[in-house]
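There are 2 protein chains.
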Amino acid sequence: MKVRITSDFWKRYQDIVRENMLPYQWDVLNDRADIRIEGERRNDDSIPTGKSHAFENFRIAAGKKEGRFYGMVFQDSDAYKWLEAAAYSLRNHPDKELQAKADALVDLIGDAQEADGYLDTYFTIEAPEHKYKRLMESHELYCGGHFLEAAVAYYEATGHEKVLSIARKLADQICLKFGPEPGKIHGYDGHEEIEIGLLRLYHLTGDASYLEMARYFLLERGKNPDFFKKQLKEDDLPAIFPDMGKLPDSYFQNDMPFLEADQARGHAVRMLYQCTAMADLALISGNEEVKKACERIWDNITEKQMYISGGTGQTAIGESFTGDYDLPTDSMYCETCAAVGMITFARQMLCLTGQAKYADIMERVLYNGLISGMDLEGKHFFYVNPLEVHPKTDPLDPGKNHVKAVRPSWLGCACCPPNLARLLASLEQYIYLKRDGNFLINLFISSEWTGSDFHIVQKSDYPWDGSVSILVENRGEAFSLGVRIPSWCDHWKLSGKFEVRDGYAWVLCPSGETKIDFTMDMQAVRVYANDKVSACAGKAAVMRGPLVYCMEGVDNGREISNLVLPVKAEFTENYRPDLLNGILTLHADGIRETSETKELYSHRKKQKTPASLTFIPYYAWANRGENEMQVWIREEN
Amino acid sequence: MKVRITSDFWKRYQDIVRENMLPYQWDVLNDRADIRIEGERRNDDSIPTGKSHAFENFRIAAGKKEGRFYGMVFQDSDAYKWLEAAAYSLRNHPDKELQAKADALVDLIGDAQEADGYLDTYFTIEAPEHKYKRLMESHELYCGGHFLEAAVAYYEATGHEKVLSIARKLADQICLKFGPEPGKIHGYDGHEEIEIGLLRLYHLTGDASYLEMARYFLLERGKNPDFFKKQLKEDDLPAIFPDMGKLPDSYFQNDMPFLEADQARGHAVRMLYQCTAMADLALISGNEEVKKACERIWDNITEKQMYISGGTGQTAIGESFTGDYDLPTDSMYCETCAAVGMITFARQMLCLTGQAKYADIMERVLYNGLISGMDLEGKHFFYVNPLEVHPKTDPLDPGKNHVKAVRPSWLGCACCPPNLARLLASLEQYIYLKRDGNFLINLFISSEWTGSDFHIVQKSDYPWDGSVSILVENRGEAFSLGVRIPSWCDHWKLSGKFEVRDGYAWVLCPSGETKIDFTMDMQAVRVYANDKVSACAGKAAVMRGPLVYCMEGVDNGREISNLVLPVKAEFTENYRPDLLNGILTLHADGIRETSETKELYSHRKKQKTPASLTFIPYYAWANRGENEMQVWIREEN
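For the record, the sequence lines run as chains A and B.
Numbered by the working numbering, the letters in the first sequence go through residues 1 to 637 in order.
Numbered by the working numbering, the letters in the second sequence go through residues 638 to 1274 in order.
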């Protein structure tokens, strides 16, 4: 089965990946880009920002260069994510030059791999005696997992045997070193990811040892919370991350087994990568207990710990989940990588359950908290995706030193940019799903889905317009096509006969052609947060279709927290092809409340003056210089 | 001149100091109280919370006991602040038992003092080779300053010669060790306080060397920002506060000389202690440049960086000022000690300038952000004084791990409780001021002020009632009496003839009796924050007279952020002698906005239902168990 995206909106993003992000990131990883690298927090000089050095580390590990390792201990993963993104791009767009670069990188990785299969340039170069001895902080298996993902993707795209053989050699070495048997390491990595990689390698090869290894890592985690600390104590290398030992066990999801957890907790990206693999394991194994645990965590996140943008991680301290209904909008984290993790978790849950609610969240994250992580050209990136910024006061507060109003060119901890690239380049995998003989349309992205005996074409101007035309050519037996009814949509119409189940409108597609017109009412609506979310009390967010909107200072003047959206104000729409690569702006007659006094505290009532309010899609913010932004706006009678 | 407080409100506080706080704190400092000591932040096990050990450290330093130092490096200052509070209490209320305790403590301090005058139990016990070699973190002169303050107070209260001789011996040793001369240390303490102590000793003794020493410390600071780091590098003791070296120079007000600064910055208590001494220096020296610098910093704080409670320090990170108009109400610090520092700074500015605006702030802090630091019995204390608390979500967020909803019995870093005690016990010093032959009434605290040729009696039910009767008996020549017109007061009346100048209503008091009736309109009013304070946009605070009011969950139900104060709602008042030691509560017909849906984000409009709103004085919050609290409430048409 093959999917080809034709959507103007998303084709642009995929073109950006191909034309900008892959060449740009190749240069950055090769230390050839003339850019300024920033720490993801202001005033944090513990992050190496001199250069990337990612490819150079491989050259040194391979013995082709002299030198020392430079960068984060997990710098290798930047290269692997680039390779994975290149793989997806090559599958859609064969490109000899890109493939030559990727082949060269694969050769380099192969050269850096040790004879026994071990692969991690930091430990090969700097600490060969300490391999797998400091798993809390080493990220060795985290990097390994990213390589396995990249290798599978690159093999699937190009049939490149060597990359698969490097991957199997690495995976085999891991299977040899880890597991419940005596003499093996009874533990796991401080950062989940290897589990995803092993399961992908299992799906490709069918080799059950990879499945078993992943199952061990997933189900063993949290059974022995002292594992990390004990390992560190027994090893004599100085701490790589001196503060990491102070973090609670929950940071690593190491406080309890997944099957016992009710809440998402700890580092958001770690948590979501664990969930992604766990949901895949539930599907592969049919284990109901694992499935139920995945559903519990999913419900906890989406019903109690998720921002309206689909962002997760409420605190910068540990880049972590905090707890139910704690959703501050000015100090949140919402890391771009967590958005990636949320999308992959959603996709696995969708495969596992066939419920549209998972696709709803997948879409929410995709159109909002994911692509807010990059500028419109794919050359500047956010690590943190705030719901409001105050460029005048945020930089003063060390508790907000992670909140930036402008995207940096590159980040000292560069996990996010190539993660965005690989997700956008593989977007084809998220639109449709064939499950139990049924066909599901999960995302309304204009595209063609082709199988041996079917061809489905969907066309729309989504996300700007809610009319979707679907043409099904069925050359085989009748099947049911489920068209997702988005949860954001209060009114919709579907031509012809259908029945609603699991959040989909099901249409029977007999052999031959079936035409479906699906229309979603896409007027702007206000969204309110749960009564328990104190940060959003008295405020509304504005959404239109899947898009969360926001206000920026450049459109709305200074001190936008003084703007008010009257309860009865109606929205007008304006499609602006010239603005921010073409967006639909929303407008309402609002109020500005000011006292214009210089006093800090005053008895003087605030004066209300009319103010024209302009909203733009959240993903497009911070593309017009530094200015204020807010998603939640005060609402009044 | 002598002042005797008769105010029911404040006499109660002074009784609490005498009857509860001094005996209780004596027991705590002697490790005899059966209490739980808490770190000032949750999950911070770097704070020693096993016991106080403050007096025991002196016994060990004096060679009367074997053992190690225990507690914060500045634990000595807890004992000194207790002694200072005892001194003020003894001046008003002679008490043989208390004096015996204090005398014994003075003897112990004398025994712990080294032959050359050096006094600091940490270094005497643990690091005698490192005296004055790690001033950034050592707090030696900080502790010394607190001892000088205590000694002056105790000498003034009791005429105790020995305490003065210990103090002079210490001050002389400091003068010998520090200063611009070759061979002396060209530096100053990491935490300002010695400057206040030296100036008090100068005021008492007239010895100009103490003035010169204070002047040197004050004006030298910030001229050589590398001083601290250089000293630490040259000394080989492991860091006492390992993270302190990461703090910026501004934390210590070491980034620039005071005379060049435009903004309050760094650790709030440090900043305010510096200002207190600096304003005293301006008065003593008549130096206009120093005076102007004090006014600049004062204006910056009160016009741009102060909470409505008079609290200061917007961030827990470094317990610091952040910058103009950054005034988050949920993550602020507002340390109780900073309230003390703000009051002493205000008093010095008042002495320096005779402007009522300084007394306005003194009163604001006193009635709100200061006494909120203790419970109504004086046995539980806040380090941090929040403007809103959410007991369900605050504890989840590590960025708010300093925000507590209930006052602990004692704090591992116990600077605040004895600081409260000494300020409350010395409240007499803040009510009146004789300046340039004029008499000022700054606080409306029922009391008698007696001099050799005058007797002034003021009576009121302040802060509950705004009628103040003042009786002046003048047995000398005519003088002018200035009655402060509070800035919170929009309408007032004063009997007889007067003229208004510098924020005071001036009444000529000829020889003989003068009766003055001063009436301030005390109805509840709404206060609005400056347009630039985003945290307070759309919200009002409620004040009545000098008191800031707040809402607590116990009176207003759950999720109080959903409550709204209609613009037109009027307040009713209810004096409740039974409640919280007698308070006047405010009530208004408000609105509760809820959707009652379990969804995290919903299209469902919030329903408005009537809600009776109850406000209590902010200082009295958190005396009825754990519940929500907010000072700022949403306002709507």
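Simulated from the structure, these hints should not be mistaken for laboratory data.
Beta carbons are placed, not taken as given, at the ideal position from N, Cα and C, and that holds for glycine.
Take the hints with a grain of salt, since some may be wrong.
Stated by the list, open to error - Straight-line alpha carbon distances no greater than 30 Å define the calculated DSBU-like cross-link-like pairs of lysine-lysine that follow: (1) Lys608/A with Lys941/B; (2) Lys291/A with Lys806/B; (3) Lys233/A with Lys162/A; (4) Lys738/B with Lys806/B; (5) Lys1235/B with Lys304/A; (6) Lys51/A with Lys866/B; (7) Lys799/B with Lys233/A.
What the hints assert, rightly or not - Part of the chain B face toward chain A, derived, beta carbon under 8 Å: (8) His1128; (9) Lys1130; (10) Ser1132; (11) Glu1136; (12) Thr1251; (13) Glu1273.
Going down the list of hints, with the structure as the test:
1. Pair hint Lys608/A plus Lys941/B holds up; C-alpha atoms about 23 Å apart against a cutoff of 30 Å.
2. A threshold of 30 Å between alpha carbons decides the hint, and for Lys291/A with Lys806/B the separation of about 75 Å lies outside it, so the pair is violated.
3. Between Lys233/A and Lys162/A the alpha-carbon distance is near 38 Å, which puts this suggested pair outside the 30 Å criterion.
4. Distance hint between Lys738/B and Lys806/B is fulfilled; the C-alpha atoms sit about 22 Å from each other, no more than 30 Å.
5. The suggested pairing of Lys1235/B with Lys304/A holds, with an alpha-carbon distance near 9 Å, which does not exceed 30 Å.
6. Between Lys51/A and Lys866/B the CA atoms are separated by roughly 29 Å; this keeps the pair inside 30 Å, and the hint holds.
7. Distance restraint check for Lys799/B and Lys233/A: the Cα-Cα separation of roughly 54 Å exceeds the 30 Å cut-off, and the hinted pair is therefore not satisfied.
8. Against a cut-off of 8 Å between C-beta atoms, the interface hint on His1128/B is violated, since the closest Cβ of chain A lies about 11 Å away.
9. For the restraint placing Lys1130/B at the interface with chain A, the shortest Cβ-Cβ distance is roughly 19 Å, beyond the 8 Å limit, so the hint is violated.
10. Look at Ser1132/B: its Cβ only gets to about 25 Å from chain A, farther than 8 Å, so that hint breaks.
11. With its C-beta approaching chain A no nearer than about 25 Å, Glu1136/B sits outside the 8 Å limit, and its interface hint is violated.
12. The beta carbon of Thr1251/B comes no nearer than 18 Å to any beta carbon in chain A, farther than 8 Å, and the hint placing it at the interface is violated.
13. For Glu1273/B, the shortest C-beta to C-beta distance to chain A is roughly 5 Å, which falls under 8 Å, so the interface hint holds.
Against the hints set out earlier in the document, violations occur for numbers 2, 3, 7, 8, 9, 10, 11, 12.
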